[in-house]
Amino acid sequence: MSSVIRSWPLIAFVLLASLLVVMSSLHSMNLFVPELKALERAIGGDKNMHLVMSSLLAFLGCMSASRYVRSAYFSVVVVLPLLALALAADEVLQRFSAVRSFDWQDLKAGLLGIIFGGASYLIVCIISRLLRSGRIA
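So the sequence shown is residues 909 to 1045, counted in our numbering.
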């Protein structure tokens, strides 16, 4: 049980990444579009969904990777470019879909989310380190 508890960031990252791949695929196949649009509206719109989901994915990705590389900074340097590449690939592939289209604003919102998620992770790491060292109460 304790290994599952320690592995929750990786489990959450894999589940979220899988969910996003499934959602993107369903949208590209023109399936469940009303439900996907309802989810977008619930989050605050298409751009907000890109920002929020990318932020969560980046935060969880960095958190997961740091358990294996033992360096918060190295995990950010590795994870963020990989996520940015995957995001760009997804947007470019939409260009070839009959029901979707490439959108620079979606790409910008996703990249901003990745940066925000990585920065948030580093801030949490810095605060955690300061708390452990007793420098802040």
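Possibly wrong hints are sitting among the right ones.
Each computed SDA-like pair below joins lysine to any residue, with the alpha-carbon atoms no more than 20 Å apart [said to hold, decoys possible]: (1) Lys945 x Asp998; (2) Lys1016 x Val929; (3) Lys945 x Ala1006; (4) Lys945 x Val930; (5) Lys945 x Asp1011; (6) Lys1016 x Arg1003; (7) Lys1016 x Cys1033.
Pairwise CB distance ranges, derived in the manner of DEER restraints [unchecked claim]: (8) Ser936 x Leu1038: 26 to 32 Å; (9) Ser926 x Gly1042: 18 to 24 Å; (10) Ser1028 x Leu923: 17 to 23 Å; (11) Leu944 x Ala997: 36 to 42 Å; (12) Lys945 x Leu918: 41 to 47 Å; (13) Leu918 x Leu1038: 23 to 29 Å.
None of these hints come from the bench; they were simulated from the model.
Every residue, glycine too, gets a C-beta built ideally from N, C-alpha and C.
Exercise for review: Any hints from earlier that this structure breaks? Give me their numbers in increasing order, please.
Suggested key: 7, 8, 9, 11, 12
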